[in-house]
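S.K.: Take a look at the letters that make up each chain.
Number of protein chains: 2
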Amino acid sequence: MSAYDVLAIGNAIVDIIARCEDDFLVAHGIHKGAMNLVDAERAELLYSHMGPAIEASGGSASNTAAGLASFGGRAAYFGKVSNDHLGNIFAHDIRAQGVAFDTSPLTGTPPTARSMIFVTPDGERSMNTYLGACVELGPEDVEASKASSAKVTYFEGYLWDPPRAKEAIRMTAKLAHAAGREVSMTLSDPFCVDRYRDEFLELMRSGTVDIVFANEHELKSLYQTADFDTALNAIRADCKLAAVTRSENGSLIVRNSETVEIKAVEIDELVDTTGAGDLYAAGFLFGYTSGKNLETCGKLGSLAAGIVIQQIGPRPQADLRLAAEQAGLL
Amino acid sequence: MSAYDVLAIGNAIVDIIARCEDDFLVAHGIHKGAMNLVDAERAELLYSHMGPAIEASGGSASNTAAGLASFGGRAAYFGKVSNDHLGNIFAHDIRAQGVAFDTSPLTGTPPTARSMIFVTPDGERSMNTYLGACVELGPEDVEASKASSAKVTYFEGYLWDPPRAKEAIRMTAKLAHAAGREVSMTLSDPFCVDRYRDEFLELMRSGTVDIVFANEHELKSLYQTADFDTALNAIRADCKLAAVTRSENGSLIVRNSETVEIKAVEIDELVDTTGAGDLYAAGFLFGYTSGKNLETCGKLGSLAAGIVIQQIGPRPQADLRLAAEQAGLL
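Respectively, the protein sequence lines represent chains W and E.
First residue of the first sequence? That's 26 in the working numbering, and the numbers climb one at a time after it.
First residue of the second sequence? That's 26 in the working numbering, and the numbers climb one at a time after it.
Some clues are possibly wrong.
Claimed, not checked - To give a feel for the contact side, a few chain E residues facing chain W, derived at Cβ under 7 Å: (1) A81; (2) H110; (3) A121; (4) G123; (5) A125; (6) D127; (7) L319; (8) E320.
These aren't lab readings, by the way, just hints derived from the structure by calculation.
Please read all numbers here as calculations on a predicted model, not as lab measurements.
Glycine included, C-beta positions come from ideal geometry on N, C-alpha and C.
Excised from the complex, chain W in its bound form (with noise of 0.2 Å):
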């Protein structure tokens, strides 16, 4: 028996996200819609120069699990966070929304991570984090008991940026395939596909990894190539299962041989990009670990995926259960 349907592991983050216009991310050096690390330091440089903003719960696997919540879906959660104010907002908005979260908390420094998402006029969004707490994610946070029973485990690439998160990992991976469980990864970033693109795809090859959630800028730095298709039918052949989301254009999904076309949701207007492919992963495996087909569960992917991007911050204000039914998709 599971009792969990998706097991999410990823940095613990509070998004802090204000509005600024493009001429703001050239004069600050932020590279335009990505996750920039930053220190302690340059986090508070660039702080003093952010207009006013809003603080809401973040973290790119903790996004999903909420998602999964919010579906309705059984959902854990492991992260680090710090026994501070921001740490406090994470363990509540998360347990609030009926995510399991038990990682214990440090205690003092270093602080919470946070990350300075500035949000364009064109709707995209730069991230600035600072990971913080974070960093202490080890092994000794893998609950055993929830890396063996929840249908999937679904990790961030992003893990790979603290030093001993990724032991986690191959630990809660061991588990989770020891019991029969499928274990699932998000390439999260280009630039994060850069810095462990060898480790990444050993993952995959190794079959630590199952199933592979990337955008197509992440799948093409990936295979360190231009053309698409060149690394759809290269990822087709190193993981069990990938979906991959291309923005307006929908997204694809491709298990061997098949290949399955999702359309994107028409929006009415875009507003924050943030969340788009957390929520999309969040519908997928919701999909997923309910037994649906593959098309199903790309819709649910887009369904949420769609409603995230229309309003500011990570996690939709809208129940997604309720939504999905709305749209004939349970």
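Position chain E against the provided structure of chain W, taking the given hints into account.
M.R.: For chain E alone, kept in the frame of chain W given last:
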């Protein structure tokens, strides 16, 4: 010469905002639409039952100061935070909006004030405010140069809840009047009016306050009447100028025998009423301190209120100056 258009004084609060159903308010004894004062213990309890939330700087008069600055006005603010994380957020956001904010923060406890705001499906907000550091605001926090150099000093009726803020108000009003400036207040909340009715009337009748902002419910509470016209004629006699908001029915501005009627702006969707009155005051005071006629002042107020109720959170993400220009009001 005036260094500031508006000096705002209020409870410095960070909002914690979540959606809930009406049943939740009933189950937790929260008075819908009102500002409910809570102690630290009840704040903890309510937070533990609150759904996933977002955090945003709030506080009635501080929202007005931020709105005025967004219009391009010159604003200053007095309000008390603690030197903790929420205090840093509050100070960052108001300064990043261009408001002069130099009140010295408390060291240590009580912590920065927070208000748990529950937004029901009809868009109405119900606030649960823990005053924290705000109880320490007193006459020692009055910066005389700002009090005497702002065209209008604006304060919230809510300041009668903490013990010594009213002393700061009376001192500021004296300095302002001695410099030939005007003093303005918002009645804040019908229950707040009920708590301090006699004192509020004394402020008006003694000439301590020249300009009053109120909504219909607060006005009726002030004069303990169910008849709107009776209340409107009463306030006409009690202060030099009053602006009374009536939600979707617009607003009325009265000055002696003069009455100006302003329509509410049409909106696409009512999302969250938080900040509606605060932003009306921001628009009105921006117009007033720019020398606009009362009709334009009211239209600027309606414009800002209409913008803030179509988003989550109490301070507009949009640039109000741009919005006013597009509406042909500047």
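S.K.: Would you mind marking each hint as holding or not holding in the structure?
M.R.: Checked hints:
Nearest Cβ of chain W to the Cβ of A81 (chain E): about 4 Å, under the 7 Å cut. The hint holds. The beta carbon of H110 (chain E) comes within 4 Å of a beta carbon in chain W, closer than 7 Å, and the hint placing it at the interface holds. About 5 Å separates the beta-carbon of A121 (chain E) from the nearest beta-carbon of chain W, less than 7 Å, and the hint is met. Restraint check, G123 (chain E) versus chain W: the minimum CB separation of about 9 Å is more than 7 Å; hint violated.
Of the supplied interface hints, the one on A125 (chain E) is violated, with its beta-carbon coming no nearer than about 15 Å to a beta-carbon of chain W, more than 7 Å. Evaluation of the D127 (chain E) hint against chain W yields a violated restraint, the C-beta minimum of about 16 Å exceeding 7 Å. Proximity of L319 (chain E) to chain W is violated relative to the hint, the smallest CB-CB distance being about 29 Å (cut-off 7 Å). A hinted interface residue such as E320 (chain E) counts as satisfied when its beta carbon comes closer than 7 Å to some beta carbon of chain W; here the least separation is about 30 Å, so the hint is violated.
When held up to the earlier numbered hints, the structure conflicts with 4, 5, 6, 7, 8 and fits the remainder.
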